[in-house]
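If you read the protein sequences in the order shown, they are chains V and Z. Here the first sequence stands for residues 1 to 268, where the numbers follow the working numbering. Here the second sequence stands for residues 269 to 627, where the numbers follow the working numbering.
None of these hints come from the bench; they were simulated from the model. The model shown is predicted, which means the values in this text are computed figures rather than measured ones. Treat the hints with care, since some could be wrong.
[Unchecked claim] Keeping only pairs whose Cα atoms sit at most 30 Å apart, straight-line, the calculated BS3-like set for lysine-lysine is: (1) K82(V) x K189(V); (2) K502(Z) x K427(Z); (3) K620(Z) x K284(Z); (4) K82(V) x K284(Z); (5) K189(V) x K274(Z); (6) K574(Z) x K502(Z); (7) K82(V) x K258(V); (8) K373(Z) x K427(Z); (9) K82(V) x K427(Z); (10) K502(Z) x K284(Z); (11) K284(Z) x K274(Z); (12) K620(Z) x K82(V).
[Stated by the list, open to error] Some but not every residue of chain V turned toward chain Z, in silico, with C-beta under 10 Å: (13) S171; (14) R182; (15) G219.
Each residue gets a CB set at the ideal place from its N, CA and C atoms; glycine is no exception.
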Amino acid sequence: MDPPVWVNAVISAVALAFLGLFIVAPLGIIMMEAFRAGVGVWWASVSEPDALSAIRLTLLVAAITGPLNMVFGVAAAWAIAKFRFRGRTFLLTLIDLPFAVSPVISGLIFVLLFGLNGWLGPWLADHNLQIIFAVPGIVLSTLFVTFPFVARELIPLMTEQGTEEEQAALSLGANGWQVFRRVTLPNIKWGLLYGVILCNARAMGEFGAVSVVSGHIRGETNTLPLHIEVLYNEYNFAAAFAGASLLAALALVTLAVKTLVEWRSGQA
Amino acid sequence: MSIILKNINKSFGPFKALSNINLEFPSGELTALLGPSGSGKTTLLRIVAGLEEADRNDTADILFDQESVAGSPVHRRHVGFVFQHYALFRHMTVFENIAFGLRVKPRAVRLDNRTITEKVNRLLSLVQMESLAHRYPSQLSGGQRQRIALARALAIEPKVLLLDEPFGALDAQVRSELRRWLRQLHDTIHVTSIFVTHDQEEALEVADRIVVMNRGVIEQVGTPDDVFHRPASKFVMEFLGDVNVFHGRIEGGHAVFKEAPGESTEAGARMLIRPHDLLIRRPPDGTGSGIPARVYRVLTAGSVVKVELIDHQNRLLQVHLSHERYRENPVTPHEEVVVVPHQPRVYAGEDKWDGNYVI
Numbered sequence: 001m002d003p004p005v006w007v008n009a010v011i012s013a014v015a016l017a018f019l020g021l022f023i024v025a026p027l028g029i030i031m032m033e034a035f036r037a038g039v040g041v042w043w044a045s046v047s048e049p050d051a052l053s054a055i056r057l058t059l060l061v062a063a064i065t066g067p068l069n070m071v072f073g074v075a076a077a078w079a080i081a082k083f084r085f086r087g088r089t090f091l092l093t094l095i096d097l098p099f100a101v102s103p104v105i106s107g108l109i110f111v112l113l114f115g116l117n118g119w120l121g122p123w124l125a126d127h128n129l130q131i132i133f134a135v136p137g138i139v140l141s142t143l144f145v146t147f148p149f150v151a152r153e154l155i156p157l158m159t160e161q162g163t164e165e166e167q168a169a170l171s172l173g174a175n176g177w178q179v180f181r182r183v184t185l186p187n188i189k190w191g192l193l194y195g196v197i198l199c200n201a202r203a204m205g206e207f208g209a210v211s212v213v214s215g216h217i218r219g220e221t222n223t224l225p226l227h228i229e230v231l232y233n234e235y236n237f238a239a240a241f242a243g244a245s246l247l248a249a250l251a252l253v254t255l256a257v258k259t260l261v262e263w264r265s266g267q268a
Numbered sequence: 269m270s271i272i273l274k275n276i277n278k279s280f281g282p283f284k285a286l287s288n289i290n291l292e293f294p295s296g297e298l299t300a301l302l303g304p305s306g307s308g309k310t311t312l313l314r315i316v317a318g319l320e321e322a323d324r325n326d327t328a329d330i331l332f333d334q335e336s337v338a339g340s341p342v343h344r345r346h347v348g349f350v351f352q353h354y355a356l357f358r359h360m361t362v363f364e365n366i367a368f369g370l371r372v373k374p375r376a377v378r379l380d381n382r383t384i385t386e387k388v389n390r391l392l393s394l395v396q397m398e399s400l401a402h403r404y405p406s407q408l409s410g411g412q413r414q415r416i417a418l419a420r421a422l423a424i425e426p427k428v429l430l431l432d433e434p435f436g437a438l439d440a441q442v443r444s445e446l447r448r449w450l451r452q453l454h455d456t457i458h459v460t461s462i463f464v465t466h467d468q469e470e471a472l473e474v475a476d477r478i479v480v481m482n483r484g485v486i487e488q489v490g491t492p493d494d495v496f497h498r499p500a501s502k503f504v505m506e507f508l509g510d511v512n513v514f515h516g517r518i519e520g521g522h523a524v525f526k527e528a529p530g531e532s533t534e535a536g537a538r539m540l541i542r543p544h545d546l547l548i549r550r551p552p553d554g555t556g557s558g559i560p561a562r563v564y565r566v567l568t569a570g571s572v573v574k575v576e577l578i579d580h581q582n583r584l585l586q587v588h589l590s591h592e593r594y595r596e597n598p599v600t601p602h603e604e605v606v607v608v609p610h611q612p613r614v615y616a617g618e619d620k621w622d623g624n625y626v627i
C-alpha cells in the first residue's frame, strides 16, 4: 500500500531540504566565493606556480595510488574470496585497518617509521633517501588510507560469484592467466572500476594523513587540499576558494563517472 | 576411454570422505555414482576430473586408458565437466560459452575462427539450441542452461564426460525429459561418461552401470537390473526404492519373524521386502503363513495401487499392486487381512541369511 500523498510530500521535502542545506548550499557557496572577484582572479589563483604544483602533485599521487591499489585490491580480494586458508580472517581485519584508524594516526605511523628519529630514519639518512616531508611519504600514506576501497568492493562480489566458473574454465583447458583474464576479470570489472573511482576520490581529497607527512613545503609537497588550507590560514580567501572549487569539480566529475559506471553495470 | 581408479582415499580433516576406492569404468559406458549426500560420490567425481586431489599414498593412482593422470592438473586431463549449477560464464553469450574451450587452446593447435563457428553451430544443433546462440545465460531456463553446459563440455571433444548431479536443480518434468535426452545423446556420441546422482530412479533409468556408494565406500557395482533385483547389501536394498522392513531374531537355525522381537537384538534378523513383492490375502483363504495387518489407506491414483497397512506391532507396511490384481481382490480401510511375502530378503545382522525363515 502506498502512503498518502501528503506523507510522501513531507518526506520528500525533508530529504530535499537536508540535501540542499548540507550539500548543494556549501557547494554553491564554494563556487560563488571562488568567482566572487571575477573569472580573472580565479584564473590567476589556480594558475600561479604553487597552485599548479599542488594540482600536479595531487594528480600524480592519484595516478600512482589508483593502479597500485587496483592490483593490491584484486589480489587481496581474490585470495580472500576464492580460497580458504589459515589467517584469512586476520587478513580481512588487516584490510579494514585503514578504515578504522584516524588518518592522522596513519600519517604518524609513517613518520615513526621513516622520520629522522624513526626506526628506519638513520638508515635512510645515510643513504640519502627522503621519504617523510617528500613525495614518497605522501604517496605511501595515501596508499595506506585508500587501500581498503578496491578490496572491500570486490570481496562480497567475488564471494557471491564463487569458484565454479573458474573451475569450469580450468576443466575446459584454460591456464591460470586465461581463467583470470577471460572469466574472473570480466565478472568483476564494474565492481573494480567502482572501487577504483572511490579510491581515486579519496586519494585526491585526503587531508589528515598527508598533512602529517608532507611538511607543507609550498610548490613541493603541498597537495591541493593542503594548499587550500595554507591559503585559508593566510586569509587569502579568494585563492583558497578557487582551489576548493577545483577540488569540488574533481569530486563532481568522479560522481558523474561513478553514476555512469553504476548505470552501465546495472545494464550488463 | 577406460578409467581405472586404484586405492583412492580422501580425508577432509578428521572426516574420511573416501576409503580405498577401486573402480574400473569401461570405455564408452555411462556409469552412475549413486548414493545419499555425504557418501563421497561427488568427491570421487571431482578426483577423477582433477578438481580435487586424492590423499597421497604410494598405491593410489588414476589411469586414463592405462596411463596415469594422477599428477596432471585439471586443465591437462581433457575431461568435460558439467556442474550441478551449470557454471556458465555469465558475461558471455551462449555461443561464446561453447566456444570458450576452443579459444583458450595454445595458438599452435587452435582452430581458425571459421572452423570454431562451424563447430559451435554443430554443437548448438546437437543440443537443439540453435536459436538461442546470442542469448546470455541469465536469459535461459534451467534446462536450457544445462544443455549449454553440456555442449560447452563436449566442445573440447573430451575423452571423458563427468556430470555432477546434472539434473539436481531442475523441476521434475524437465528432469525426466533431460534424462531421456542424455541417454539418447550418449547413444550417439559414446563418450565414457560418469554422472553423480542421489536419485535412484535417475540412475536406474539412464545408466549402463551403477556404482552404489555409502559413507565413502562402494556398496555394489552392477547393472541397474543387478542392483535392483540382487542387492548386495541391506543398504543397497533400502536405498534403491521403497522397502518394508520386518524385525525378527535367529532361533535354532531359523530366522523367526512371528512375534515381536525379544529384548536381545544381538542376533537380530531383518526381512526386507519391496512393496510390489507383497500380496494381500483375506484370512479365510489365506495360506496360513503371513503377517496379519489392518488396511489403513488405499491410494488408487497412479500407475499402481498403493495400499498402506498397519501390522500388529504398529508398523506401516506398503504394498503395491497392479490395478488388475487389485480389482480381483479389493480391500477397504479398517479391514483385517494377511500380507504374504513373495521374494523376501533376509539379513542376519548385516549379512545375508540364506537359511530358512518363519513368518
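Hints versus structure:
At roughly 16 Å between alpha-carbon atoms, K82(V) and K189(V) fall within 30 Å of each other, so this suggested pair holds. For a cut-off of 30 Å, the pair hint linking K502(Z) to K427(Z) is broken: about 35 Å separates their Cα positions. For the hint pairing K620(Z) with K284(Z), the CA-to-CA distance comes to about 27 Å; that is within 30 Å, so the pair holds. Proximity of K82(V) to K284(Z) is assessed by CA-CA distance (about 24 Å); at most 30 Å being required, the pair is judged to hold.
The suggested pairing of K189(V) with K274(Z) is violated, with an alpha-carbon distance near 44 Å, which exceeds 30 Å. For the hint linking K574(Z) to K502(Z), the alpha-carbon distance of about 23 Å falls within 30 Å, and the restraint holds. A C-alpha spacing of about 27 Å is found between K82(V) and K258(V), which places the hinted pair at or below 30 Å, so the restraint holds. Simply put, K373(Z) and K427(Z) have alpha-carbon atoms about 16 Å apart, close enough for the 30 Å limit, and the pair holds.
A distance of roughly 29 Å separates the Cα atoms of K82(V) and K427(Z); the hinted pair therefore holds under the 30 Å criterion. For the hint pairing K502(Z) with K284(Z), the CA-to-CA distance comes to about 22 Å; that is within 30 Å, so the pair holds. Only pairs whose Cα atoms come within 30 Å are accepted, and K284(Z) paired with K274(Z) is accepted, the gap being roughly 17 Å. A threshold of 30 Å between alpha carbons decides the hint, and for K620(Z) with K82(V) the separation of about 48 Å lies outside it, so the pair is violated.
Residue-level restraint check for S171(V) holds (minimum Cβ-Cβ distance to chain Z is 4 Å; threshold 10 Å). Hint on R182(V) holds. Least Cβ distance to chain Z is approximately 7 Å, under the 10 Å limit. Against a cut-off of 10 Å between C-beta atoms, the interface hint on G219(V) is violated, since the closest Cβ of chain Z lies about 47 Å away.
Of the numbered hints listed earlier, those contradicted by the structure are 2, 5, 12 and 15.
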